[in-house]
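Enquirer: Start from the sequences, fold in the hints, and give me the full structure.
There are 2 protein chains.
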Amino acid sequence: MRQSQLFIPTLREAPAEAEARSHQILLRSGMIRQTASGIYSLLPLGRRVLHKIEQIVREEMDAIMAQETLLPSLQPIELWEESGRNRDYGPELMRLSDRHDRSFALGPTHEEVITALIRDEVHSYRQLPLTLYQISTKYRDERRPRFGLLRGREFLMKDAYSFSANWEELDRVYEDMVQAYTRIFTRVGLHFTKVEADAGTIGGSGETHEFMALADIGEDTIVTCTACDYAANLEKAIYKTGTDAEVTKPFTQGTESQKVKVHTPDTKTIQQVASYLNLEPQNVIKTLLYEADGVPIAVLIRGDHEVNEIKLQHALKVEQLEMLDQEKYKDDLQLPVGYLGPYDLSMKIIADYAVISMDRAVTGANEVDHHYIQVQPGQDFTWDAAADIRNAVEGDLCSSCGSALTFDRGIEVGHVFKLGTKYSDAMGATFLNQTGTPQKPIMGCYGIGISRLLGTIAEQYAADLKMSWPVAVAPYHVHLIPISVKDEVQMELVHELESSLTALGVEVLVDDRNERPGVKFKDADLIGLPMRVIVGKNAADRQVECSWPANSQDTENTEPSSSERMSVEEVLEIAKMHIFPKVD
Amino acid sequence: MRQSQLFIPTLREAPAEAEARSHQILLRSGMIRQTASGIYSLLPLGRRVLHKIEQIVREEMDAIMAQETLLPSLQPIELWEESGRNRDYGPELMRLSDRHDRSFALGPTHEEVITALIRDEVHSYRQLPLTLYQISTKYRDERRPRFGLLRGREFLMKDAYSFSANWEELDRVYEDMVQAYTRIFTRVGLHFTKVEADAGTIGGSGETHEFMALADIGEDTIVTCTACDYAANLEKAIYKTGTDAEVTKPFTQGTESQKVKVHTPDTKTIQQVASYLNLEPQNVIKTLLYEADGVPIAVLIRGDHEVNEIKLQHALKVEQLEMLDQEKYKDDLQLPVGYLGPYDLSMKIIADYAVISMDRAVTGANEVDHHYIQVQPGQDFTWDAAADIRNAVEGDLCSSCGSALTFDRGIEVGHVFKLGTKYSDAMGATFLNQTGTPQKPIMGCYGIGISRLLGTIAEQYAADLKMSWPVAVAPYHVHLIPISVKDEVQMELVHELESSLTALGVEVLVDDRNERPGVKFKDADLIGLPMRVIVGKNAADRQVECSWPANSQDTENTEPSSSERMSVEEVLEIAKMHIFPKVD
Chain A
1 MRQSQLFIPT
11 LREAPAEAEA
21 RSHQILLRSG
31 MIRQTASGIY
41 SLLPLGRRVL
51 HKIEQIVREE
61 MDAIMAQETL
71 LPSLQPIELW
81 EESGRNRDYG
91 PELMRLSDRH
101 DRSFALGPTH
111 EEVITALIRD
121 EVHSYRQLPL
131 TLYQISTKYR
141 DERRPRFGLL
151 RGREFLMKDA
161 YSFSANWEEL
171 DRVYEDMVQA
181 YTRIFTRVGL
191 HFTKVEADAG
201 TIGGSGETHE
211 FMALADIGED
221 TIVTCTACDY
231 AANLEKAIYK
241 TGTDAEVTKP
251 FTQGTESQKV
261 KVHTPDTKTI
271 QQVASYLNLE
281 PQNVIKTLLY
291 EADGVPIAVL
301 IRGDHEVNEI
311 KLQHALKVEQ
321 LEMLDQEKYK
331 DDLQLPVGYL
341 GPYDLSMKII
351 ADYAVISMDR
361 AVTGANEVDH
371 HYIQVQPGQD
381 FTWDAAADIR
391 NAVEGDLCSS
401 CGSALTFDRG
411 IEVGHVFKLG
421 TKYSDAMGAT
431 FLNQTGTPQK
441 PIMGCYGIGI
451 SRLLGTIAEQ
461 YAADLKMSWP
471 VAVAPYHVHL
481 IPISVKDEVQ
491 MELVHELESS
501 LTALGVEVLV
511 DDRNERPGVK
521 FKDADLIGLP
531 MRVIVGKNAA
541 DRQVECSWPA
551 NSQDTENTEP
561 SSSERMSVEE
571 VLEIAKMHIF
581 PKVD
Chain B
1 MRQSQLFIPT
11 LREAPAEAEA
21 RSHQILLRSG
31 MIRQTASGIY
41 SLLPLGRRVL
51 HKIEQIVREE
61 MDAIMAQETL
71 LPSLQPIELW
81 EESGRNRDYG
91 PELMRLSDRH
101 DRSFALGPTH
111 EEVITALIRD
121 EVHSYRQLPL
131 TLYQISTKYR
141 DERRPRFGLL
151 RGREFLMKDA
161 YSFSANWEEL
171 DRVYEDMVQA
181 YTRIFTRVGL
191 HFTKVEADAG
201 TIGGSGETHE
211 FMALADIGED
221 TIVTCTACDY
231 AANLEKAIYK
241 TGTDAEVTKP
251 FTQGTESQKV
261 KVHTPDTKTI
271 QQVASYLNLE
281 PQNVIKTLLY
291 EADGVPIAVL
301 IRGDHEVNEI
311 KLQHALKVEQ
321 LEMLDQEKYK
331 DDLQLPVGYL
341 GPYDLSMKII
351 ADYAVISMDR
361 AVTGANEVDH
371 HYIQVQPGQD
381 FTWDAAADIR
391 NAVEGDLCSS
401 CGSALTFDRG
411 IEVGHVFKLG
421 TKYSDAMGAT
431 FLNQTGTPQK
441 PIMGCYGIGI
451 SRLLGTIAEQ
461 YAADLKMSWP
471 VAVAPYHVHL
481 IPISVKDEVQ
491 MELVHELESS
501 LTALGVEVLV
511 DDRNERPGVK
521 FKDADLIGLP
531 MRVIVGKNAA
541 DRQVECSWPA
551 NSQDTENTEP
561 SSSERMSVEE
571 VLEIAKMHIF
581 PKVD
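In order, the protein sequence lines correspond to chains A and B.
When we follow the working numbering, the leftmost residue of the first sequence carries the number 1, and every step to the right adds one.
When we follow the working numbering, the leftmost residue of the second sequence carries the number 1, and every step to the right adds one.
No wet-lab data here; the hints were simulated from the structure.
The structure displayed is predicted, hence computed values, not measured ones.
Misleading hints may appear alongside valid ones.
Chain copies aren't distinguished; within one or between two, either way the pair holds.
[Said to hold, decoys possible] With a cut-off of at most 20 Å between alpha-carbon atoms, the simulated DMTMM-like pairs for lysine to aspartate or glutamate come out as follows:
#1 194 x 229
#2 520 x 121
#3 522 x 121
#4 52 x 62
Expert: If you want it as structure tokens, here you go:
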């Protein structure tokens, strides 16, 4: 392909709006342009990468007998009423009306459409298991779209839905899907971890895993064990309880065994009271008020910890959970914001495990500008339940093997989910089992953010304004750059190399533009093809400069090796070794 | 592929809602299902056909150096304000608002988005010519969606946009595109005609052609010459004027050379007055009133002809043209509806050529229940202009060669259009030419309805509840049907044939379902694969029944040849001959 004919609008300047490395490199290399906030146009090079990702996803889906469909984005709102998601989804669901004032949702996912289809078309266990998928544009009106393709409002997604006659069948489909996802992310060259995630309050086993790409700008925290293969999303991560590190005991005032009320003016936050008392946040007990299924509840958590609302929800066995409105509890419960303590509250108390093992702690005194010190849990206050209701923290130990847990940032690129009968129940889908009894199909759903995956690969493989695409998804494989397009000897060698490489099945981009070498090299750095061949003054000796992926297996090393002078024949050998095995 | 594992919900009953043959066969063969009016889900077999069409389109686009992109469907309404199409497009444009109340159009086409992109990114003649395309979902809120995929509200379309520095460059791109379209429609097996169409009031040369698939249910009328290659859409079709067939002269009353007012009670329509006077509609002159750019005008047309409003608009050189509101002209102009004649009208008169050569015609008398007979055009009334302002009719002669014109019904599957600078002007896109002068890029746009094409192929290749997919787009190539899946000898031969055919690059669908042969054959008829191999009681002798496309070049013959008994080796020979050359 001739670069002079391709539409690759590279940018000399770093675009101001792009924070993320991937967003910058995709804009600068002319792969994408923003059309509106969170809405992008994929330009020719970007479209090529997207196609290659799509193709890998299709191959792996087809390999596990998932069948491709194409479902509509315009979805009658009645289907969303049936499932209850019209209410639950909130403003992220884009809605519109047609010329007859009929309402539609612009599909963010397709559980409703597919369940309605299966309800109409699947009537017998003999039609199960069945897994359908599609690769199509999805719409989600993100409150804060950002990082280019990483969090957009219109994006390409592969979504799959499985229907099984029983849970064992679902388990098999789920495992197949996990394996397929692992192959997909491996093939595209991603550094990723499969982590346990939380299913929320959906019924069934609710087993769910996320595939997380490691990246500093990731919005998720991944907790992994340094020794065993335990890995979980922070919201799901458990740790070895009862091993909370000893904390320095705070100072003693008066009789050590009695709590003492002290004046702590203007210390509404944990940080403020700890500073004022010359203590650490871990010496303080936070008392937080929640509304759980409409009932107020007090939650005790150590000052340096964070409540994990999903764990809390599970511990309380409730469906709705939200922090009590501060203004509301001030008026209704007559409690002083910022100075709450677990005393004389007209509600149940749940304490995190770490709280009940504290010694001489600080709590609010239920009085403005006052706290208690030297509080002994179990003696000075009690609780109705104790549970693991906090986020894991670095330093916690693995609940499986006791080794240290480490934390990383991750971008969610894939999600597999045992849905159970949530949609079959809500939408009344049934089939007849072997004995002729109506049963609900048991569903799973499985997603991969295709355009997000493109952004994520860029995030992992971009460095210092140089991109370095993995061979399997690179827009072309070899960048063939003549130093001077007016030099006939150079151009002759370029054409020979182009033919020979193309004959090997290698995709070649020839920079045939009449530009200075510096301009060409800068663009080549941005475009980031795996192999670069520069044809210059040694063309007459059939010698070129070549750089290629130093070790294409070593995905940690994203830098191409430094350039080496070599013969045309050596170039072809290297292409055969490094590029060709990865093409197809 | 095993049919038992595929989701192919065939239907025993003809679906009541489906009028069109293609709609029926696609529903019955389990290829599509309706999700809402004009909105369809493509099921696995349908998705496969769609992929094959897409692939052919991509190959032919890439071959003419069109570059693939992917542009968003959510398009800021501001872009549509700039182009003026937010006003012009009317209720077919679906609109919605995001969570911040910003308005978006749901793209029916992408002229605005692409022109905005080019405005930002193309600054020099050296970047031109440039043709970008995409295959993506489009939205059009049709007033009357129908015929399944033929006229939907959400559909897959290939749209391409070219930008050129001058008209000669556009002419070349346009011709390349016409050639590519011709190859695409030929490759997918369509019977089609390229016809001249009308560009409406868009500036530039406005040259435009439509690719019409021949089909009885087509909504367009195609006019073709029986001798030369002239072909046009009815709204564009011209004919040899001045050759209007002689019409039988009407009876004579009183002096032959004078018009006579006669009483014609209750004869508001042409048909009524002709019957009443015992004449033909071709003896009557219709007087119609239009509003052309706001000015009333009278239009004279022969009673058996139809006004061609596009020709009329061109003849009048106006932008807006609509029939005068009957109620409005009754009150304002004091003229009797149904009895108008070209006398004493306070407006200009334009007459069709056929009118001015009429002899002793009938007109209204501008008086209720009265007409004139024996009217001589030019003597009893005059006109301000005469022009070709009627639709061609069968019997008209070709303006190029004088041979007879014939009429067919067609489905528009492709459209190529020299847009000129309509969008460059409106949206302020410019580039610098060789002398550094700012110029407007000259645009073309080119569309193929991908999902409509699927429906159109089905329309042409379905007959009597049997489908017969052309090899190039068939979901699979060979349907391999064992009579009894419990017969080991049969199944062994099936597996052998499957392996041998697959090794040839042929896609095989094995009906491994434990069903009666009649059920399998009915489904096979609906699914309509090009070649069918039935493995039955002669399996032990390695003999099978085979049918295949009788003559794969003869696209008129869509019936498979009748079944023949043959050996396994002969089957492979036939597959090599009829299927393999068409694969890839």
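Enquirer: With reference to the structure, classify each hint as holding or not holding.
Expert: Here is what the structure says about each hint:
| no. | hint | result |
| --- | --- | --- |
| 1 | 194 x 229 | within (10 Å within a copy, 63 Å between copies) |
| 2 | 520 x 121 | between (57 Å within a copy, 18 Å between copies) |
| 3 | 522 x 121 | between (56 Å within a copy, 18 Å between copies) |
| 4 | 52 x 62 | both (15 Å within a copy, 16 Å between copies) |
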